[in-house]
Amino acid sequence: MSALAMKERPQVATAIEPLAFETRDLSKVFHIGRKWYAGGQPLRAVDGVSLSLRRGEVLAIVGESGCGKTTLSRMMLGLQPPSSGEIFVGGEPLTNVDRKVFARRVQPVFQDPYSSLNPRKTIGEIIRDPLLIHNIGTAKEQVAEVEAMMERVGLARRQIHSYPSQLSGGQRQRVAIARALIIKPEIIICDEPTSALDVSVQAQILNLLQSLREQMNLTYLFISHDLSVVEYMSDYVAVMYLGRIVEAGPTSEVMNAPRHPYTRALMKSILTPEPGLGLPDIHLGRGFPDPLNPPSGCRFHPRCIDAMDKCSSIVPRTLTDGEKIIECHLHDPEMAKA
Amino acid sequence: MSTIVTRTAVSGAAPAGRSDDFDTLAPSPKALMRKRAKGHVGLIIGTTIIAVIVLMAVFAPLIAPYDPYAQDLSRRLIDPVWGAKGSWDNIFGTDALGRDVLSRLIYGARISLLVGFTAAVIAGIIGTALGILGGYYGGKVDAFVVYLINVKLALPVILVALSVSSISGGSIMALIILLGFLTWDRYAVVTRSMTQQMREREFIMSSKAAGASNSRILWREILPNLMNQVIIIASLDMALIILVEAALSFLGLGIRPPTPSWGLMVSEGRAVMFFKPYLIMIPGAAIFLLVIAINMAGDGIRDVTSPEGRG
Numbered sequence: 001m002s003a004l005a006m007k008e009r010p011q012v013a014t015a016i017e018p019l020a021f022e023t024r025d026l027s028k029v030f031h032i033g034r035k036w037y038a039g040g041q042p043l044r045a046v047d048g049v050s051l052s053l054r055r056g057e058v059l060a061i062v063g064e065s066g067c068g069k070t071t072l073s074r075m076m077l078g079l080q081p082p083s084s085g086e087i088f089v090g091g092e093p094l095t096n097v098d099r100k101v102f103a104r105r106v107q108p109v110f111q112d113p114y115s116s117l118n119p120r121k122t123i124g125e126i127i128r129d130p131l132l133i134h135n136i137g138t139a140k141e142q143v144a145e146v147e148a149m150m151e152r153v154g155l156a157r158r159q160i161h162s163y164p165s166q167l168s169g170g171q172r173q174r175v176a177i178a179r180a181l182i183i184k185p186e187i188i189i190c191d192e193p194t195s196a197l198d199v200s201v202q203a204q205i206l207n208l209l210q211s212l213r214e215q216m217n218l219t220y221l222f223i224s225h226d227l228s229v230v231e232y233m234s235d236y237v238a239v240m241y242l243g244r245i246v247e248a249g250p251t252s253e254v255m256n257a258p259r260h261p262y263t264r265a266l267m268k269s270i271l272t273p274e275p276g277l278g279l280p281d282i283h284l285g286r287g288f289p290d291p292l293n294p295p296s297g298c299r300f301h302p303r304c305i306d307a308m309d310k311c312s313s314i315v316p317r318t319l320t321d322g323e324k325i326i327e328c329h330l331h332d333p334e335m336a337k338a
Numbered sequence: 001m002s003t004i005v006t007r008t009a010v011s012g013a014a015p016a017g018r019s020d021d022f023d024t025l026a027p028s029p030k031a032l033m034r035k036r037a038k039g040h041v042g043l044i045i046g047t048t049i050i051a052v053i054v055l056m057a058v059f060a061p062l063i064a065p066y067d068p069y070a071q072d073l074s075r076r077l078i079d080p081v082w083g084a085k086g087s088w089d090n091i092f093g094t095d096a097l098g099r100d101v102l103s104r105l106i107y108g109a110r111i112s113l114l115v116g117f118t119a120a121v122i123a124g125i126i127g128t129a130l131g132i133l134g135g136y137y138g139g140k141v142d143a144f145v146v147y148l149i150n151v152k153l154a155l156p157v158i159l160v161a162l163s164v165s166s167i168s169g170g171s172i173m174a175l176i177i178l179l180g181f182l183t184w185d186r187y188a189v190v191t192r193s194m195t196q197q198m199r200e201r202e203f204i205m206s207s208k209a210a211g212a213s214n215s216r217i218l219w220r221e222i223l224p225n226l227m228n229q230v231i232i233i234a235s236l237d238m239a240l241i242i243l244v245e246a247a248l249s250f251l252g253l254g255i256r257p258p259t260p261s262w263g264l265m266v267s268e269g270r271a272v273m274f275f276k277p278y279l280i281m282i283p284g285a286a287i288f289l290l291v292i293a294i295n296m297a298g299d300g301i302r303d304v305t306s307p308e309g310r311g
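As given, the protein sequences belong to chains A and B, one line each in that order. In this text, residue positions in the first sequence follow this note's numbering: the first is 1, and each later residue adds one. In this text, residue positions in the second sequence follow this note's numbering: the first is 1, and each later residue adds one.
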């Protein structure tokens, strides 16, 4: 089984071990400038994304800003209803799962720890809140649980009465992680959990996430634009471009032998610590296309160095090869024939 | 202070002795607020004046030298103590019916504070509830709230207050409810836009993802973040309400005589204002003092709390 489930994927696989998380053909369309008298312009933020995640795996989604990563994560958290497509948690469709039951399975860690903690609450109150919502344990047990969780994520117990404004960015992110883990979910959706942090703190938070994963048998959906973070964290990676997944597969294969021209450009964009080399030339100069008016055919063709004539007219098919998928005419044997 | 107390309390409860238990902890927002409050002159002056007036109102029967209703036509229109024929018997003199002005002023503080405070609370509850609901739910709920705000803004406060109080007939209760219903718009406008901004913040998302109900989010996550602003608006609103009450009483449509009200006292002194100007100047000064004290305290609260309000 791959991190990515195709529609054709045999259902037997799910019968053996239910997937922790699955989306099928998920789309989200926003209507920009909609008024009651006019429909507005459709913006397809997420366009037919199918992916799946087994217990204990880490799936990373990478892509530029504006490619739909955050919208995808919001839908998978049940915070935004999808325009079409389905989400399954443990084999059950999300629409059938009660919000509270869902919350005990899936929890988020957000990007900005300065915005994800209520400034009027103490650290203890913030971490305890999910226990109160789900009415787990007595007051004493809840406080004990909060203290144990604070220790686990590397916060000092005396900080239980401090306010978020008294903590550093890294400490705040630890609080956000503690709040997510306190009700013992199976899946954590991390939306760029380190991108608002200092580089030195990033490593600490990533190590914390890794060790918590092993201790608590967690499944991560890890959203990032930082490829080195993805390489370090994930088992599978999916590359997203303008709302679609253009290439996916096991991290080592995608990172070492990228096939899609966009993935190749992304790999080139990783900065080396070597001074004097300058910025890498990645041939993506023409800028991110207007998502309100996406390019015809293959959405990547205006920026693609290998673009052919048919790329601007024919939408590429989704090709599956074992665990890997790709959407590109260069790798489509039928296109090569034509 | 409080950080030290907190720290000893925690380490006492959990003598774990962690290696990272170093002794510096940034001051808590509350401690910072207290520190700013101590250095804020306007806040100190404003709250002191308010405290004096409140104490005066609460202990009016003990402080007032005379019965505010007792008339003595043989001792009418006596000058205050600094006047030509003034005496220490009636420090602020007597009015046209021979009633002691100081006693009436002390009892009048009760009316001004009662009306101002209660009406501001009523307006605050109405306005904040509407603002939060509109800002949080958006869509049709918000459209309705915006419609109500616009209707309210189109109403001329004094004119409506005049016409309604002339029908309802001047009971204090009716006046309070009327003023409460006429001044909620500022709360609604401010809380609505603040809630709109907050709704997209990630701590609200986290709470939703944790399975919190909408009412829990409104009460526990959003409302505490609005309280500072609501208190500031309440102070401004209270000052406005006290002025409107005085104006209505002056026009004869607010508090009915012989109840002592500052606005009514100005109105009653009007007939002799060229001969005995103190009769309108003393209650006028009292109104001025209370309103400016409330405004100073409100500004002070804003200055002291807003650095946290940002976050």
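None of these hints come from the bench; they were simulated from the model. C-beta atoms are modelled at their ideal positions from N, C-alpha and C, and glycine is treated no differently. Heads up, a few of these hints could be off.
[Stated by the list, open to error] A few chain B residues facing chain A, derived, Cβ under 7 Å:
hint	residue
1	72
2	208
3	212
Consistency of the hints with the structure:
no. : hint : verdict
1   : 72   : violated, 57 Å
2   : 208  : holds, 6 Å
3   : 212  : holds, 5 Å
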